[in-house]
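Number of protein chains: 4
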Amino acid sequence: MKGIKIVTIGGGSSYTPELVEGLIQYYDELPVRELWLVDIPEGKEKLEIVGNLAKRMVKKAGVPMNIHLTLDRRAALEDADFVTTQIRVGQLDARIIDESIPLKYGMIGQETNGAGGLFKGLRTIPIILEITKDMAELCPKAWLINFTNPAGMLTEAVLRYGKIKKVIGLCNVPIGMEMTIANMLEVDSSRIHVEFAGLNHMVFGTHVYLDGMEVTAQVLDLLGSGKVSMTMKNIIGLDWDRDFLKALKIIPCPYHRYYYKHKEMLEHELEELKKTGTRGAAVKQIEKELFEVYKDPDLAVKPSQLENRGGAYYSYAACRLIRSIYNDKRDIQPVNVRNNGAIIGLPEGAAVEVSCMITKDGPKPLAVGELPVAVRGLVQQIKSFEQLAVEAAVTGDYHLALLAMTIHPLVTSDVIGKKILNEMLEAHKKYLPQFFR
Amino acid sequence: MKGIKIVTIGGGSSYTPELVEGLIQYYDELPVRELWLVDIPEGKEKLEIVGNLAKRMVKKAGVPMNIHLTLDRRAALEDADFVTTQIRVGQLDARIIDESIPLKYGMIGQETNGAGGLFKGLRTIPIILEITKDMAELCPKAWLINFTNPAGMLTEAVLRYGKIKKVIGLCNVPIGMEMTIANMLEVDSSRIHVEFAGLNHMVFGTHVYLDGMEVTAQVLDLLGSGKVSMTMKNIIGLDWDRDFLKALKIIPCPYHRYYYKHKEMLEHELEELKKTGTRGAAVKQIEKELFEVYKDPDLAVKPSQLENRGGAYYSYAACRLIRSIYNDKRDIQPVNVRNNGAIIGLPEGAAVEVSCMITKDGPKPLAVGELPVAVRGLVQQIKSFEQLAVEAAVTGDYHLALLAMTIHPLVTSDVIGKKILNEMLEAHKKYLPQFFR
Amino acid sequence: MKGIKIVTIGGGSSYTPELVEGLIQYYDELPVRELWLVDIPEGKEKLEIVGNLAKRMVKKAGVPMNIHLTLDRRAALEDADFVTTQIRVGQLDARIIDESIPLKYGMIGQETNGAGGLFKGLRTIPIILEITKDMAELCPKAWLINFTNPAGMLTEAVLRYGKIKKVIGLCNVPIGMEMTIANMLEVDSSRIHVEFAGLNHMVFGTHVYLDGMEVTAQVLDLLGSGKVSMTMKNIIGLDWDRDFLKALKIIPCPYHRYYYKHKEMLEHELEELKKTGTRGAAVKQIEKELFEVYKDPDLAVKPSQLENRGGAYYSYAACRLIRSIYNDKRDIQPVNVRNNGAIIGLPEGAAVEVSCMITKDGPKPLAVGELPVAVRGLVQQIKSFEQLAVEAAVTGDYHLALLAMTIHPLVTSDVIGKKILNEMLEAHKKYLPQFFR
Amino acid sequence: MKGIKIVTIGGGSSYTPELVEGLIQYYDELPVRELWLVDIPEGKEKLEIVGNLAKRMVKKAGVPMNIHLTLDRRAALEDADFVTTQIRVGQLDARIIDESIPLKYGMIGQETNGAGGLFKGLRTIPIILEITKDMAELCPKAWLINFTNPAGMLTEAVLRYGKIKKVIGLCNVPIGMEMTIANMLEVDSSRIHVEFAGLNHMVFGTHVYLDGMEVTAQVLDLLGSGKVSMTMKNIIGLDWDRDFLKALKIIPCPYHRYYYKHKEMLEHELEELKKTGTRGAAVKQIEKELFEVYKDPDLAVKPSQLENRGGAYYSYAACRLIRSIYNDKRDIQPVNVRNNGAIIGLPEGAAVEVSCMITKDGPKPLAVGELPVAVRGLVQQIKSFEQLAVEAAVTGDYHLALLAMTIHPLVTSDVIGKKILNEMLEAHKKYLPQFFR
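Residue numbers (full-length UniProt numbering), protein chains in the order written: chain A, 1 to 437; chain B, 1 to 437; chain C, 1 to 437; chain D, 1 to 437.
Just so you know, these hints were derived from the structure itself, not from any lab. A few of these clues could be false.
[Said to hold, decoys possible] Subject to a maximum C-alpha distance of 20 angstroms in a straight line, what follows is the list of computed DMTMM-like cross-link-like pairs (lysine to aspartate or glutamate):
| id | chain 1 | residue 1 | chain 2 | residue 2 |
| --- | --- | --- | --- | --- |
| 1 | D | Lys-166 | A | Glu-214 |
| 2 | B | Lys-419 | A | Asp-239 |
| 3 | A | Lys-418 | B | Asp-243 |
| 4 | D | Lys-263 | C | Asp-331 |
| 5 | D | Lys-419 | C | Glu-264 |
| 6 | C | Lys-360 | B | Asp-331 |
| 7 | A | Lys-166 | D | Asp-211 |
| 8 | C | Lys-166 | C | Asp-134 |
| 9 | B | Lys-329 | C | Asp-188 |
| 10 | D | Lys-329 | A | Asp-328 |
| 11 | B | Lys-329 | C | Asp-221 |
| 12 | B | Lys-104 | B | Glu-271 |
| 13 | D | Lys-55 | D | Glu-34 |
| 14 | B | Lys-263 | A | Glu-264 |
| 15 | A | Lys-418 | B | Glu-264 |
| 16 | C | Lys-60 | C | Asp-28 |
| 17 | C | Lys-360 | B | Asp-211 |
| 18 | B | Lys-329 | C | Asp-331 |
| 19 | C | Lys-249 | D | Glu-391 |
| 20 | D | Lys-329 | A | Asp-331 |
| 21 | A | Lys-360 | D | Glu-214 |
| 22 | C | Lys-166 | C | Asp-328 |
| 23 | D | Lys-418 | C | Asp-221 |
| 24 | D | Lys-329 | A | Glu-178 |
| 25 | A | Lys-141 | D | Glu-214 |
[Unchecked claim] Derived coverage of chain A by chain D (criterion: at least 3 residues anywhere in the stretch with Cβ under 8 angstroms from a Cβ of chain D; other residues may be distant):
| id | segment |
| --- | --- |
| 26 | 203–213 |
| 27 | 356–366 |
The structure displayed is predicted, hence computed values, not measured ones. Glycine residues also receive a C-beta, built at the ideal position from the N, C-alpha and C atoms.
Taking the hints into account, I'd like the entire structure generated from these sequences.
In structure tokens, the structure reads:
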């Protein structure tokens with residue numbers, strides 16, 4: 001066995017040391033011979049900083065993994081076994097626009113949901129589809145593991161329009177939920193098994209098992225107690241109403257606060273904007289500091305400051321996924337894949353985030369049946385939004401983009417939705433050539 | 001043929017003269033021998049006022065229709081052919097509560113949608129189910145034509161828990177849309193055919209035909225032009241964005257403004273509340289004046305003031321429906337019935353509002369296929385809300401009521417939703433014994 | 001209004017006088033200005049015989065309908081309003097092959113079912129698809145009314161691969177059932193309403209109404225009594241078991257005997273073959289005699305001998321369908337159309353035979369819901385057969401044809417099925433160029 | 001951990017030594033403290049013979065497993081962890097009737113398919129449902145692992161009408177297919193992974209993987225080569241047509257020969273009947289001999305003669321299933337469970353045979369999506385048959401039984417089906433009290 005070749009597009013990301021750390025830890029089960037970090041010219045400096053840190057890390061760890069840094073994507077892709085993507089079209093400045101324009105009009109401004117998520121999708125989908133074209137030509141047998149947000153929309157885009165079909169969308173939300181639940185129950189996470197179903201950033205834990213025995217009600221009660229919080233770095237941990245959780249019977253993900261606490265989240269965002277500016281601006285500062293740390297030639301491990309960045313467990317999620325595919329493990333992991341009937345009522349060809357058996361032939365979703373009646377509509381609404389957004393991204397059709405915008409539950413006016421759309425199209429013009437042909 | 005017996009429950013309603021006028025006009029095709037107007041003791045005075053007006057109306061018209069006034073529902077129901085319901089549990093004071101408590105918490109307060117619609121349903125469903133018990137015993141072959149709001153939820157309740165299965169929910173929204181479209185196109189309504197699909201107060205005109213040729217795009221363009229408005233007495237006619245309608249491709253009903261213009265509708269309601277109080281309070285005043293008019297012993301026709309009350313075309317809709325059943329007409333009318341697969345993706349047993357062939361054996365829905373992807377989620381969400389509301393009404397389960405409340409798109413916070421629920425439960429306690437056992 | 005132009009492809013058929021008679025009778029509602037009878041060079045003689053009879057018929061009837069005879073299909077199609085097809089690729093000799101080869105191997109040999117139906121489809125589908133190409137170019141607004149068998153398979157082929165979408169498959173089986181039921185009940189057929197659902201030659205009467213009251217059980221009991229028979233000219237009227245019909249609860253069509261009486265039908269066919277040869281050979285003789293009758297220059301009406309040919313009510317069915325489209329009648333007729341969810345469980349895009357509202361915009365199916373559990377599998381099996389047959393016809397793929405053959409319930413062996421396939425491919429080679437490229 | 005209690009109903013079966021052997025081998029992972037063998041008074045002698053052999057086996061193996069023999073089912077069930085059923089209502093004489101009466105009328109006579117399978121179901125379902133009543137009372141947390149045929153129908157019956165929901169139907173057909181495929185490919189079975197989907201005795205291998213790489217086409221080609229055969233002791237291994245398999249694209253199970261080689265299988269059965277009598281009669285002789293062997297007090301291992309009996313791998317399948325539940329293994333095994341949407345198009349609540357993740361909370365099916373179009377109809381037909389058979393068994397409704405009989409593809413005549421039904425009802429009268437009330 002010659003060893004594995006992994007190509008990471010957007011390799012200059014501040015998250016890369018996280019990934020490299022994981023690959024080092026998993027080396028026995030996942031013998032990566034070559035790791036290619038690819039970036040675009042604008043990212044050359046970051047790529048070099050982070051790439052050199054990565055080289056120091058593998059050297060210190062003593063694993064025979066070759067790190068290659070390049071701006072030539074096609075050269076990198078040749079004969080790859082796995083391609084991971086962690087790109088940010090328009091970089092953090094684009095994110096700041098995604099967050100601030102909607103808020104100006106009194107609507108949620110968020111990176112992956114609502115108007116912001118729509119535009120992140122519109123910018124990113126064409127690039128992901130180009131990557132699949134290269135892959136179809138240069139490494140047709142490789143798996144595309146997409147970490148880029150909005151991961152559900154991107155997976156859907158590749159499933160429908162990509163030149164390859166071997167795509168998996170990966171997100172750290174479910175694994176984060178699993179870890180939080182283990183902490184709540186004060187047990188090791190290996191004793192916990194959570195069944196996940198829904199969409200990316202709209203996923204539910206439908207059943208929780210501890211040593212094989214269902215403890216879902218207990219987890220819901222703990223979560224509603226106000227004593228523990230399940231959230232992400234970028235989402236304020238507003239407490240759930242205990243009775244609401246009891247009524248819901250399944251575990252919402254942190255992002256569900258945007259929907260079930262829309263009013264409070266909007267008020268909070270507007271306050272934060274006044275106080276500290278957008279999350280994007282804050283992240284920009286964190287990143288700047290991080291790269292200063294990365295430059296230190298004596299640093300040869302993932303620095304602890306990376307934790308402030310968010311993205312916890314991404315590396316773990318990525319490595320265990322690639323490992324299970326590589327070794328045909330047939331274990332269960334939550335990923336974004338073609339529905340294939342796993343969730344009744346959503347289209348067979350839609351991307352869903354569900355617990356899957358991970359095999360060398362890819363993820364095979366477990367049959368969820370119907371989602372509980374209480375959440376079916378919201379999930380369908382977001383799926384419809386994603387479908388329309390994908391169509392809009394691919395065609396550059398203004399009306400499809402307007403429709404996607406207006407049906408999103410976080411955009412509560414057709415007239416204002418259109419204003420936001422128009423202003424964002426203009427602001428992101430450079431990255432949206434399909435709308436200006 | 002012995003002639004038809006119709007029983008109208010809630011016969012003391014101010015709408016009754018509208019119905020009587022219709023029955024007089026349709027007498028040739030619909031020979032009603034007996035019309036029983038039934039009410040509860042609290043409504044005795046109104047029943048007599050309106051009943052006497054009805055008697056004067058048939059006398060003047062010279063049709064041999066006997067009007068009976070009674071407080072004894074069971075006596076009235078015996079051997080009825082059709083039972084119509086136009087009841088208001090808790091009367092207009094309850095409506096005022098439905099409108100004002102949610103607004104106090106910054107949420108839409110509306111009679112048939114959101115928190116208000118939920119509580120109207122919780123109060124009314126047990127009464128409708130009791131009526132079906134009586135009908136099963138006293139007139140098992142009769143059709144229940146329900147005009148009472150929320151009509152979709154009530155139809156669903158009867159389909160699932162009623163002792164009879166011959167139920168049709170009837171609403172004047174679709175017929176009003178059809179009339180407005182005819183006006184827009186400046187043609188007689190007989191030349192127009194609109195295909196309807198969706199739910200009650202969430203219905204879409206999916207296709208419009210003029211003399212058999214599709215003119216949907218033209219109608220959408222007119223509707224988005226701002227020159228004409230399609231609305232109801234109780235809904236402000238805020239203009240639709242033209243591009244949004246073009247993108248949507250189907251015709252929203254007036255109530256869709258609550259969803260696609262949520263922000264503006266809420267602002268408008270809050271302003272109105274300050275300026276003029278709730279719609280319920282306004283209606284109460286209109287009703288008071290109307291009944292003064294009805295008392296006039298010289299009045300023997302439907303007075304023109306009734307138009308201010310709203311409810312346009314109700315009589316027309318009701319009479320043409322009953323006539324088509326009675327005569328096995330097999331013509332097409334939009335009503336609320338068991339889905340039976342007509343709308344793919346909604347449960348087979350759910351109540352939907354769709355174009356149906358009206359036969360002596362009841363309405364047979366036309367197959368709609370899937371609703372456009374853009375509206376599927378919202379429709380599912382409202383259907384889920386209705387299903388949970390029905391379960392809550394039947395069981396008196398607090399958590400189900402909370403769930404129904406919180407998942408409604410017009411209630412944008414779990415925590416506030418619960419406060420509204422608690423305050424409304426207390427305010428309507430008298431009419432909600434199932435929650436206080 | 002300029003009057004209607006109808007083009008009949010396969011106009012030299014012996015059925016044409018039936019159609020012409022209908023058009024004369026319906027002239028008031030259906031003012032046909034031009035009827036073009038089109039045929040291929042091999043059919044020139046027949047075309048002239050039957051065309052001249054048609055001319056004598058309209059002249060005698062005194063209607064201003066122009067009959068045109070031509071071998072130039074494209075010239076005929078220009079600006080047509082309706083195109084009807086009644087073609088027979090390979091003529092009766094091909095039918096004789098379709099009937100005799102399967103029987104040689106001990107399998108049902110029948111024109112429209114099983115191995116015979118498969119081959120009739122394989123020969124005819126490419127021709128129908130060519131016609132739709134011409135129509136898309138020359139008369140894109142016209143409706144294609146296809147009478148040609150196997151009508152379900154051909155409708156499916158046009159829906160999936162045709163260049164036009166305005167296609168309706170028409171069969172005389174449902175109307176024949178309706179007439180027989182009226183006879184059984186000894187009432188005029190106008191008082192009867194039958195709801196149909198299923199596939200072509202696999203259709204069920206799911207509900208029968210007399211004056212709007214359901215009488216299905218009574219009809220089933222009469223049908224099982226052995227006193228009356230519901231069948232076609234070409235199907236032996238073997239009696240149904242009364243208890244089986246009672247258990248089935250819906251009314252099978254005459255062709256269902258091939259499935260529920262497979263054993264007896266096969267035995268009967270084998271006997272008939274010995275005694276009198278194939279049905280195709282018998283028809284050939286009838287046709288020969290008919291054309292002798294048609295030649296009579298004094299004949300100016302449809303001769304009574306045509307009844308022996310079968311095809312009862314075809315003319316009535318065709319004329320009332322075209323009339324209802326032309327006049328936007330919105331009445332209910334059973335035709336083959338896109339399912340669109342009307343029958344739950346069959347693909348949305350599949351051709352089904354169901355009761356439809358007939359409008360200027362085409363047929364709109366009534367929602368059937370799920371077929372009774374007892375028949376769901378058989379119907380799905382035939383639908384699968386049709387789908388595979390269509391794919392095989394379009395691609396010329398041997399394995400798809402073999403699969404269609406083998407899964408058909410009237411072909412009870414993979415090994416023998418393959419022998420039949422091979423021999424029939426060879427026998428029909430001339431008409432199956434797609435398999436010999 | 002106190003160790004496991006297993007109760008085997010029908011413990012006097014000749015298969016029991018197979019099970020005991022497995023339990024001994026798996027003891028480390030599956031520490032069975034108590035094995036209760038239960039039988040009915042008529043089976044007392046066999047129970048003792050086989051029970052004593054079992055005792056000698058565990059003694060020789062040196063495992064601390066207590067074997068209990070009893071005729072008191074309720075006493076045995078108390079606090080059981082797993083209940084396995086391997087009963088035969090009416091014993092082998094009933095099987096002989098199931099096989100011979102249909103053959104007399106020219107129809108397939110087989111233990112688990114067609115008329116024979118129907119009657120085996122009608123006799124056994126009431127008994128299984130009684131067992132679930134006892135379980136609900138005496139060991140509500142136990143899993144029912146049903147080996148009894150027809151396993152699909154019985155699982156469906158318990159899912160719909162059982163007093164417990166923890167039921168799994170287990171069959172040795174899929175595991176046998178997996179073993180045969182490994183042999184064909186000349187690799188160890190651990191390197192093979194087969195995805196299964198369908199119904200019991202109507203299951204397909206939809207994908208075969210060798211070391212994670214798909215080899216389905218290669219397996220189909222080997223299977224069609226005529227060099228290897230995949231079959232069961234009780235099914236003649238008629239060769240598949242190679243092109244048919246290539247066209248089918250998925251791997252049929254041995255029982256599919258009854259459908260795709262109906263003609264040959266029927267001819268073979270009729271010949272065998274003449275030559276050697278029914279399979280049931282042969283088995284009766286084998287069993288007689290087996291029990292003579294079992295009596296040998298020196299025998300303390302499973303005797304090799306048991307292989308002639310059939311049922312290969314049953315023990316292995318049973319033990320690995322119970323082990324994976326007990327240890328929450330989350331590995332993949334093919335079992336009969338509630339569909340839950342795993343196979344699109346079959347009812348959510350239907351029993352299906354699919355690859356499942358086996359957990360302490362039971363089997364969780366993998367989402368199959370839609371079955372290939374070619375097999376969808378046949379599978380639906382058998383599922384419909386099973387559903388009707390279950391209804392008939394529970395209600396004792398003659399017409400439902402007739403309907404189940406007639407729609408089965410192996411019963412090719414309504415009239416003859418009824419004769420078979422009537423004769424079999426009479427012959428099995430003693431075991432079918434529900435039909436004679």
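Verification of the supplied hints:
Restraint check for D:Lys-166 and A:Glu-214: satisfied, since their Cα atoms lie roughly 14 angstroms apart, inside the 20 angstroms limit. Between B:Lys-419 and A:Asp-239 the alpha-carbon distance is near 15 angstroms, which keeps this suggested pair within the 20 angstroms criterion. With a CA separation close to 8 angstroms, the supplied pair A:Lys-418 and B:Asp-243 stays within the 20 angstroms bound. Under the criterion of a C-alpha separation no larger than 20 angstroms, the hint pairing D:Lys-263 with C:Asp-331 is inconsistent with the structure, at around 46 angstroms.
At most 20 angstroms may separate the alpha-carbon atoms for a hinted pair to count; D:Lys-419 and C:Glu-264 meet this at roughly 14 angstroms. Taking the CA atoms of C:Lys-360 and B:Asp-331, the gap is about 15 angstroms. The hint holds against a cut of 20 angstroms. Between the alpha carbons of A:Lys-166 and D:Asp-211 the distance comes to roughly 18 angstroms, so the proposed pair stays at or under 20 angstroms and holds. Restraint check: the Cα-Cα separation between C:Lys-166 and C:Asp-134 comes to about 13 angstroms, which is no more than 20 angstroms; the hinted pair holds.
Pair hint B:Lys-329 plus C:Asp-188 holds up; C-alpha atoms about 17 angstroms apart against a cutoff of 20 angstroms. For the given pair, D:Lys-329 sits about 16 angstroms from A:Asp-328 by alpha-carbon distance, which is consistent with the 20 angstroms threshold. The hinted pair formed by B:Lys-329 and C:Asp-221 fails the criterion: a straight-line CA distance of about 28 angstroms is larger than 20 angstroms. Annotation: proposed proximity of B:Lys-104 to B:Glu-271 holds, straight-line Cα distance about 12 angstroms (limit 20 angstroms).
In summary, the hint linking D:Lys-55 to D:Glu-34 is supported, as the alpha carbons are separated by about 12 angstroms, within the 20 angstroms threshold. Proposed proximity of B:Lys-263 and A:Glu-264 is supported: the alpha carbons are some 15 angstroms apart, at most 20 angstroms. Among the hinted pairs, A:Lys-418 with B:Glu-264 is consistent with the structure: their alpha-carbon atoms are about 14 angstroms apart, no more than 20 angstroms. This hinted pair checks out: C:Lys-60 and C:Asp-28 have alpha carbons roughly 16 angstroms apart, not beyond 20 angstroms.
Our distance criterion of 20 angstroms between C-alpha atoms is met by C:Lys-360 and B:Asp-211, whose separation comes to about 8 angstroms. Restraint check for B:Lys-329 and C:Asp-331: the C-alpha separation of about 10 angstroms stays at or below 20 angstroms, so the hint holds. Restraint check for C:Lys-249 and D:Glu-391: the C-alpha separation of about 16 angstroms stays at or below 20 angstroms, so the hint holds. Taken as a hint, the D:Lys-329 and A:Asp-331 pair is honoured in the structure, with Cα atoms around 10 angstroms apart against an allowance of 20 angstroms.
With a C-alpha separation of about 9 angstroms, the suggested pair A:Lys-360 and D:Glu-214 falls inside the 20 angstroms cut-off, and the hint holds. Our distance criterion of 20 angstroms between C-alpha atoms is met by C:Lys-166 and C:Asp-328, whose separation comes to about 15 angstroms. Taking the CA atoms of D:Lys-418 and C:Asp-221, the gap is near 17 angstroms; set against the 20 angstroms cutoff, the hint holds. Between the alpha carbons of D:Lys-329 and A:Glu-178 the distance comes to roughly 19 angstroms, so the proposed pair stays at or under 20 angstroms and holds.
Among the hinted pairs, A:Lys-141 with D:Glu-214 is consistent with the structure: their alpha-carbon atoms are about 13 angstroms apart, no more than 20 angstroms. For the segment 203–213 of chain A, the stated coverage by chain D is satisfied: 5 residues place a CB nearer than 8 angstroms to a CB of that chain, which reaches the threshold of 3. Requiring three or more residues with a Cβ within less than 8 angstroms of a Cβ of chain D, the coverage given for the segment 356–366 of chain A holds, as 7 such residues are present.
Comparing the model with each earlier hint shows violations of hints 4, 11; every other hint is respected.
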